[in-house]
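Dock chain B against the given chain A, drawing on the hints supplied.
One line per chain: the protein sequences are A and B, in this order.
Per this note's numbering, the first sequence starts with residue 1, numbered consecutively.
Per this note's numbering, the second sequence starts with residue 1, numbered consecutively.
Note that these hints are calculated values from the structure, not bench results.
Mixed in with the good hints there might be a few duds.
Note that identical chains are pooled: a pair holds if it fits in a single copy or bridges any two copies.
Stated by the list, open to error - Heads up, simulated SDA-like pairs for lysine to any residue below, C-alpha to C-alpha not over 25 Å straight-line:
| # | residue 1 | residue 2 |
| --- | --- | --- |
| 1 | Lys-328 | Arg-292 |
| 2 | Lys-314 | Asn-331 |
| 3 | Lys-328 | Asn-294 |
| 4 | Lys-42 | Met-316 |
| 5 | Lys-317 | Glu-293 |
| 6 | Lys-314 | Arg-280 |
| 7 | Lys-317 | Leu-303 |
| 8 | Lys-310 | Pro-38 |
| 9 | Lys-328 | Leu-303 |
| 10 | Lys-328 | Gln-5 |
| 11 | Lys-310 | Ser-31 |
| 12 | Lys-71 | Arg-246 |
| 13 | Lys-314 | Ser-31 |
| 14 | Lys-317 | Asn-331 |
Since the model is a prediction, treat every value here as computed from it, not as a measurement.
Take a look at the letters that make up each chain.
There are 2 protein chains.
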Amino acid sequence: MKLSQALLNQNRLALSRILTQVENNSESGRSALNELFPHTGKAHLIGITGAPGTGKSTLVNQLALYYRKEKDYRIAILAVDPSSPFTGGAVLGDRVRMRDLSGDPNIFIRSMASRGSLGGLAQSTVAMVQVFDAAKFDVILIETVGAGQAEVDIAKLAHTTLVVEAPGLGDDIQAIKAGIMEIADILVINKADRPGVENTERALKGMLELAHPTRRVFQHHGQRMVVEAPSKAEEQNPIWIPEVKRTIAKDGEGINELCETIERHLTFLREGGEWVTRERTQLQSTFDSLLRENLFTRFLDELSPDAYEKTLSKIMKREESPWGAVEKILNGRKV
Amino acid sequence: MKLSQALLNQNRLALSRILTQVENNSESGRSALNELFPHTGKAHLIGITGAPGTGKSTLVNQLALYYRKEKDYRIAILAVDPSSPFTGGAVLGDRVRMRDLSGDPNIFIRSMASRGSLGGLAQSTVAMVQVFDAAKFDVILIETVGAGQAEVDIAKLAHTTLVVEAPGLGDDIQAIKAGIMEIADILVINKADRPGVENTERALKGMLELAHPTRRVFQHHGQRMVVEAPSKAEEQNPIWIPEVKRTIAKDGEGINELCETIERHLTFLREGGEWVTRERTQLQSTFDSLLRENLFTRFLDELSPDAYEKTLSKIMKREESPWGAVEKILNGRKV
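Chain A extracted, bound-state conformation (with noise of 0.2 Å):
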């Protein structure tokens, strides 16, 4: 109780400590989660993701940076590196970032690399942004490597995704985009002042509307243009058309209007029911997965190890498929 108390009078040791407590998902780590809930649901939760190369580190510094001048905002960054499940690739990108941004009390930085399951790894996200969130951080910046389905699941947990690409990283690229583009609020061309860059806008907008065909916007002559009507429904539930911002992270170009477009996404989410929908969509996915590995955990504690190692060796022997087993030792336990 003292350590979560600590932690809501925004001690950094406190909060260290009950981060590690939860990463480790303890038993301490469980309940300082418990009380620190009801003290969450405030912060704005920015998840950034994009392909290795494309300057995401240094553009997650200087969103900080913004935050820290602009709005004296207390910022918390999480990076997640999910593809490195075995040894810390985090940990470097960390001490990368440190010469920016260490010193500054109102800045929290924090690594995870996966370590079990993907499910473990953005169930722990769900649990570390949880205690920033009580901590008081007005905006917690999620960081993650990669396109692959942890960044969409990781991404689920934002308000706002930024998804970052760079001109020149070969078409290749273009293939895993699709999925990516999808869970995109706003879509960052970093790198903008390399060779490429029209040719990276002109694709990424192309791709924009293919993955929101109920409302076509095309460029023409360089003027935005809405081609189909929206329905009754968009009416009154105005939807977020993706925006494509260029920075060149590295010297701060384009971070000003980059975090006006997230203002703007904001307000967005929190006029319409978006803020509230994204919050319940959540809770009841964080709800689900706890439920779902509790159950499995106390149903493995009732049985004898004996039925389970019997079914594991029938399972071995190919007398039982895993299908078949799972009806019979379901059907079968004591209730």
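What follows is chain B alone, placed relative to chain A:
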């Protein structure tokens, strides 16, 4: 029953149908898996993973052609694309592939995009592989795009995992390699006619040393030297030191040598206990996942929808945390 029998008799239409049933996780799919399971456990599962742009698909085509020509094996290719949760990049891959391989009745190609959760994807992949295995394919090539946790999970399925790299994909790619490195049985440098191939090879070998520190292998003037003496345990159970192979898949160069290495790895697996160990791990994880999913579904079925909704709404109001709510709902359930 008839459909399963047709599949066991290597009927392609039956195979297609059952794959679809299984991918949709339908009742008929589960019962087919049940019937087919006793006929599984024979195929050699080869996983091929790597970043976009490394020429994975071309390499997979060449492997398939090699096994057809040199060994007269029946080959299944399962292309899994975890990066396209929404729309099908995988389909495009198929078209490219078809030119070389279509028309051969002993090659079967199927692609799969991630539809739901990632857990679901790994689960479907397991099931699809079981179907191919029962249909008496000698080798099943499982191709995944990217280098995230999804690939790691899917690679765990395979007996032999190839990680494909290409020279000149940029230094940033290095960061992503640390994790994927530890799942590689064979590292393939494809597009080996590109400049920078020596650097890539040096980097990969350096990373291998980091990933397998129990037995350091150094290149010394081109000579392979094991510096640390193997331990007693290692002498009894020799370990596999991942090998680095160069290929130019588009010209078919290096494919024979690569396939010989794959063959050596297979022998290693079969002669040590590794084949059985991997099979056990994989079957146990399938069993656990199914158990988890079924426990959850059954619990929700037994629970009144009202109780679930009430809990969720308390969580939304932050009167109860997801962690606390799970405790309550599980302790209060009717036994």
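So, going through the hints one by one against the coordinates:
1. Lys-328 / Arg-292: both (19 Å within a copy, 14 Å between copies)
2. Lys-314 / Asn-331: within (17 Å within a copy, 32 Å between copies)
3. Lys-328 / Asn-294: both (21 Å within a copy, 12 Å between copies)
4. Lys-42 / Met-316: Cα proximity of Lys-42 and Met-316: across copies only (13 Å, versus 50 Å in one copy).
5. Lys-317 / Glu-293: between (28 Å within a copy, 24 Å between copies)
6. Lys-314 / Arg-280: between (42 Å within a copy, 11 Å between copies)
7. Lys-317 / Leu-303: This pair counts as within: shortest intra-copy Cα distance 21 Å, inter-copy 36 Å.
8. Lys-310 / Pro-38: Close across copies (17 Å), not inside one copy (45 Å); limit 25 Å.
9. Lys-328 / Leu-303: both (13 Å within a copy, 21 Å between copies)
10. Lys-328 / Gln-5: between (48 Å within a copy, 24 Å between copies)
11. Lys-310 / Ser-31: Classified as between; 22 Å across copies, 36 Å inside a copy.
12. Lys-71 / Arg-246: within (22 Å within a copy, 53 Å between copies)
13. Lys-314 / Ser-31: This pair counts as between: shortest inter-copy Cα distance 18 Å, intra-copy 40 Å.
14. Lys-317 / Asn-331: Answer is within; shortest intra-copy Cα gap is 22 Å, inter-copy 37 Å.
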